[in-house]
Amino acid sequence: MLASLVGFLGDFDLAEEAAQEAFAVAAERWAREGAPVNPGAWLVTTARNRAIDRLRRNRTLAEKTRLLEIPQAVEEQMDETAIPDERLELLFTCCHPALATEAQVALMLYALGGLSTQEIARAFIVSTETMKRRLSRAKAKIKTAGIPFSVPPAHLLPERLAAVLAVVYLIFNEGYGGRAELAAEAIGLGRVLVELMPDEPEAYGLLSLMLLHDARRPARFAGEDLVLLGEQDRSLWDAGQILEGRSLLDRALALRGRGYYVLQAAIASLQADDPLDWAQIEALYRELAQITRSPVIELNRAVAVAESRGAEAALAIVDGLDLGEYQYWHSTRAELLRRLGRGDEARAAYLSALGLARAEGERRFLRRRLAEL
Amino acid sequence: MRYALLIYTRPGSMDGLGEDERRAIYAEYVAVNDLPGRAGEAQLEPIETATTVRVQDGETLTTDGPFADTKEVFAGYFIFDVENLDSAIEIAQRIPAARMGGAVEVRPVVER
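Protein chains in written order, with my numbering: chain B, 4 to 376; chain L, 94 to 205.
Since the hints were derived computationally from the structure, they do not count as laboratory data. A couple of the hints might just be wrong.
Listed next, with one range per pair, are the computed distances between beta-carbon atoms [as the list claims (entries may be wrong)]: (1) B:Pro298 / L:Gly111: 51 to 57 Å; (2) L:Gly111 / B:Thr147: 55 to 61 Å; (3) L:Tyr119 / B:Leu354: 56 to 62 Å; (4) B:Leu354 / L:Ala117: 52 to 58 Å; (5) B:Tyr329 / L:Arg131: 43 to 49 Å; (6) B:Pro100 / L:Leu99: 14 to 20 Å; (7) B:Ala362 / L:Ala143: 50 to 56 Å; (8) B:His158 / L:Met107: 26 to 32 Å; (9) B:Arg289 / L:Pro159: 30 to 36 Å; (10) B:Pro100 / L:Glu204: 20 to 26 Å; (11) L:Gly130 / B:Arg57: 28 to 34 Å; (12) B:Asp253 / L:Val202: 50 to 56 Å; (13) B:Asp253 / L:Gly111: 55 to 61 Å.
Glycine included, every Cβ here is placed at the ideal spot set by N, Cα and C.
Throw the hints in and build the complete structure from the sequences for me.
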């Protein structure tokens, strides 16, 4: 409803006020006369009419004259199909690169996730006042700076789509670290993306990736302790979610998707197999590394190499990476050195990893490994 | 909407360029100047000519030099009347200063 109103009015605040008025009218009239046949259409139509009234009263808003020429719709005659779904436009507006990332995240949860300001504030552990200010600054920038309310033209679309997917994945990872309700919100947004962009393989890839990772959440920790993939209790995995993730991945591959999220989803799908096909996982990491040119992906490839071709080959890859500030580079090296029986070097590497680790579960894991050496 | 494209340059970014290269870069500025929607522009004299004025407790303080003491200097601006921020950004990225160690700041113009 909000998307349709913002699209029609081109103004977040006006759309919100109109929506609130419509709900107030509905509460009063539906109690008296019963609910209309199409409650959703009725609400949008009423809200639009209220907004037009407001604009007519406010003659200084001369630039809105376009709206004033639109005749008021008769509320009872509106049907659902008459209301355009403008959530796709809203999506691209919320993730416009002229907005700060934290503003994009907040706007997405607010406008497309339907969360209240209080709920978003709680999820990001800031005060409601702070979140309210963040949202109103973002809404004001959209309006004043002329951020378009439209699907970007073809030459901008790949870059903008990547931004939309990145915001949803960021929300998911924010949740994957602990606050489960954010992961659930991200998956909900992922479903909206797939619904709105049914031809876009990366949208399927992202949703698939999130479902496959989220399915393993219950097995990632035993009490406070981090449990590695190979040691996880598979009976704790959400089998239904893995199934859905895999069928979405099939859809993405059928659409000839071979991008960042599709490849990661394919890896996550292989990781749910038993036994693991490490050679295949390595091949996918290799492809992913070619797209991203990221040393972190190379590090992941090295882990797969350790299983498929041995620790020696893996260590050669790891030692060629410039990731000295990265905790998992040290812990991966430590693990490989341990397997090669180079205890002293392994100890030094575990200590370096411990020096960089912040999460308590991970620190405990590293201390346990050190004690076992 | 009208947008001001504020051009910040890195001093010396044109040094060491040959005559042909300079001419090519000026031609790029002229090309931006000729784009549809342009509604005004100014190139400013070098930063050494700047004077900064402040008023404190009713007293005017005039100092030699620019306001902001940053590496990049405000060198000029274009005003463009285009549809939305995306169109303004597309023009901004064509301004040579943006890739020569400077930047272009895009600001909507207040309509009266």
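Outcome of the hint check:
{"no.": "1", "hint": "B:Pro298 / L:Gly111: 51 to 57 Å", "verdict": "violated, 38 Å"}
{"no.": "2", "hint": "L:Gly111 / B:Thr147: 55 to 61 Å", "verdict": "violated, 43 Å"}
{"no.": "3", "hint": "L:Tyr119 / B:Leu354: 56 to 62 Å", "verdict": "holds, 58 Å"}
{"no.": "4", "hint": "B:Leu354 / L:Ala117: 52 to 58 Å", "verdict": "holds, 56 Å"}
{"no.": "5", "hint": "B:Tyr329 / L:Arg131: 43 to 49 Å", "verdict": "holds, 48 Å"}
{"no.": "6", "hint": "B:Pro100 / L:Leu99: 14 to 20 Å", "verdict": "holds, 18 Å"}
{"no.": "7", "hint": "B:Ala362 / L:Ala143: 50 to 56 Å", "verdict": "holds, 51 Å"}
{"no.": "8", "hint": "B:His158 / L:Met107: 26 to 32 Å", "verdict": "holds, 30 Å"}
{"no.": "9", "hint": "B:Arg289 / L:Pro159: 30 to 36 Å", "verdict": "violated, 52 Å"}
{"no.": "10", "hint": "B:Pro100 / L:Glu204: 20 to 26 Å", "verdict": "holds, 24 Å"}
{"no.": "11", "hint": "L:Gly130 / B:Arg57: 28 to 34 Å", "verdict": "holds, 32 Å"}
{"no.": "12", "hint": "B:Asp253 / L:Val202: 50 to 56 Å", "verdict": "holds, 51 Å"}
{"no.": "13", "hint": "B:Asp253 / L:Gly111: 55 to 61 Å", "verdict": "holds, 57 Å"}
When the structure is compared with the earlier hints, violations turn up for hints 1, 2 and 9 and for no others.
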